[in-house]
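Using the sequences and the hints, build the whole thing.
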Amino acid sequence: MSSLALRKAAPAAGTTPGTAQGPPLRRRIALVPTVTLLLGAVYTLLPVAWVVIASTKSGHELFSTFTFLPGTGFTGNLKDLDAYRGGIYWEWMGNSALYAGLGAVLSTAVSAFSGYALATYRFRGRETMFNVLLAGVLMPPVILAIPQYLLLAKADLTDSYLSVLLPQILSPYGVYLSRIYAAAAVPADVVEAGRMDGAGEWRIFTRIALPMMIPGMVTVFLFQFVAVWNNFLLPYIMLSDDERFPLTLGLYTLLEQGANTPALYTLVITGAFLAVLPLIALFLVVQRFWSLDLLSGAVKS
Amino acid sequence: MSSSASRRPYGVKGAPYGFLLPAALLFALFFALPIGYAVWLSFRKVHVSGLGLGSGARREVWAGFENYTGAFRDSELLHGALRVLGYGCVVVPVMLGLALLFALMLDTDRVRLAPFTRLAIFLPYAVPGVVAALLWGFLYLPDVSPFYFVLGKLGLPQPDLLDGGPLYLALSNIAVWGGTGFNMIVIYTSLRAVPAEVYEAARLDGATPLQIALRIKIPMVAPSLVLTFFFSIIATLQVFNEPTTLKPLTNSVNTTWSPLMKVYQDAFGRGDIYAAAAEATLIALVTLALSFGFLRAANRRNRQEEAR
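As given, the protein sequences belong to chains A and B, one line each in that order.
Start counting the first sequence at 1; every next residue gets the next number (my numbering).
Start counting the second sequence at 1; every next residue gets the next number (my numbering).
The set of hints was computed from the structure by calculation and includes no laboratory data.
Quick caveat: nothing in here was measured; it's all calculated off a predicted structure.
Glycine residues also receive a C-beta, built at the ideal position from the N, C-alpha and C atoms.
Heads up, a few of these hints could be off.
[As the list claims (entries may be wrong)] The following label-pair restraints were derived from C-beta to C-beta distances:
1) A/Ala83 with B/Ala57: 45 to 53 Å
2) A/Glu192 with B/Gly14: 16 to 24 Å
3) A/Gln287 with B/Phe230: 26 to 34 Å
4) B/Ala28 with A/Pro187: 46 to 54 Å
5) A/Arg122 with B/Gln304: 26 to 34 Å
6) A/Arg126 with B/Gly293: 23 to 31 Å
7) B/Trp40 with A/Glu192: 45 to 53 Å
Encoded structure:
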């Protein structure tokens, strides 16, 4: 694997020729870091490039032409995908958008309330509550999902939109990020000034604190949107009616059927290509006004 | 920080609890209750009387530690754990090594195309694990893979990537591909938080970029390395999506390849939720023990370093 070779090459990074030989060469570009990063980008973009090209191939071309040669079947593939089970693919995409969009909005709201409370108030049990919420990160999802399924089954809620939506609203990482952002973005004296003016706690939060927390909350929203959009295990356990499937689960069932019928391969590939488009587009759009660094809890950028 | 809550009129005192109410409710309903239920189930079993026909013939009874002893004796679970251990030994060092390498390279002066490469390396984060496994799965298939095409043209042997030892590498590669970017961002963020004067002083002393990277940058970002290591270990223990997605493409991934797949299989394939609950509880305990052991070790080291 080229990635392994890359790691070995790392120590060589320091011996960039320019640095040892004095000023004239110093202005040159740093060759080793640039090349290393470009190789990294080639590695990460390779499967994406492959799926883009493979989705343009007809079933026949997929097995007969060189893999990185574009084919002629893209519109045909789209038509096949559209025709498959009466266009169920678009339902899956709509479901994914619903789970991820609504789920992330609710999750961001809950995270904002909790993070604000944990950052600006001093009250009994604060650290305990924070630690207990964080411990949720450590729980393997399947360990939660199976009893969640059994309990929701008792409430007759499995195989419903709610069964996928509800368990994903509370995000321990979202609460953690919100606490950091609220502590950094909302000065205590501003909150205090609001109280002096006679504003209630809820009003202080919605009118003063929340607008200050917006950049952080965009991050929590994106994080949770991606987490729900990418989730496979929970819908895999909760759902059986494929009209409620999200994309990940739909594609998986398509692959499961397609494994024995290579005719379905082109459908899976085209479906996979369309499934990565929305999130890539989302990140390309938001990165104009939003920094990736925020994702790791950086408050100064 | 508000100076003192006790001086405040009523309303302020209760406010934090009000703000935390939704989270607390959701935590109780979707975290605490299911965990408690799983633990309870792990001590139960179904008792079948007679031929097991008719109502009342199947009763849930107390099982003691029976499910746990069963889980310990289960060779499938053990093999799954060993497989995941081997998988983790590849994924975690390679992924974090690459993440650190890329973060250090991004933090170099005069590096070109950094915004583009940073976004490109981060991109797999936005690709669902199932889709990532599916894309790589196709790239591993001899019929459609460009690698096999090239190997074939060169007349080189074509290994079966979906079997035996290479299967571990194939699965590890999917996790490395998906996880490197996010970890790179975490490490890079903490690199940028280091004040520039720190490097300036070292540079004036004649330190090479390599020395600065090894002696100053890496120790400076040690806390974020600890954090990423910690989360990578937890994610590795929980591997489920990638092997499940590759399963239709190869016979070498069985339904109990990883411990979590085994839990799923026991709960829904075999319908023995009691055994599954016991296994799930065991995995949770191992995760917690590892987490706390690791955090304690990390804290102790930090304290030692502060003392020096």
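Status of each hint after checking the structure:
no.	hint	in the structure
1	A/Ala83 with B/Ala57: 45 to 53 Å	holds, 49 Å
2	A/Glu192 with B/Gly14: 16 to 24 Å	holds, 18 Å
3	A/Gln287 with B/Phe230: 26 to 34 Å	holds, 27 Å
4	B/Ala28 with A/Pro187: 46 to 54 Å	violated, 33 Å
5	A/Arg122 with B/Gln304: 26 to 34 Å	holds, 32 Å
6	A/Arg126 with B/Gly293: 23 to 31 Å	holds, 26 Å
7	B/Trp40 with A/Glu192: 45 to 53 Å	holds, 47 Å
When the structure is compared with the earlier hints, a violation turns up for hint 4 alone.
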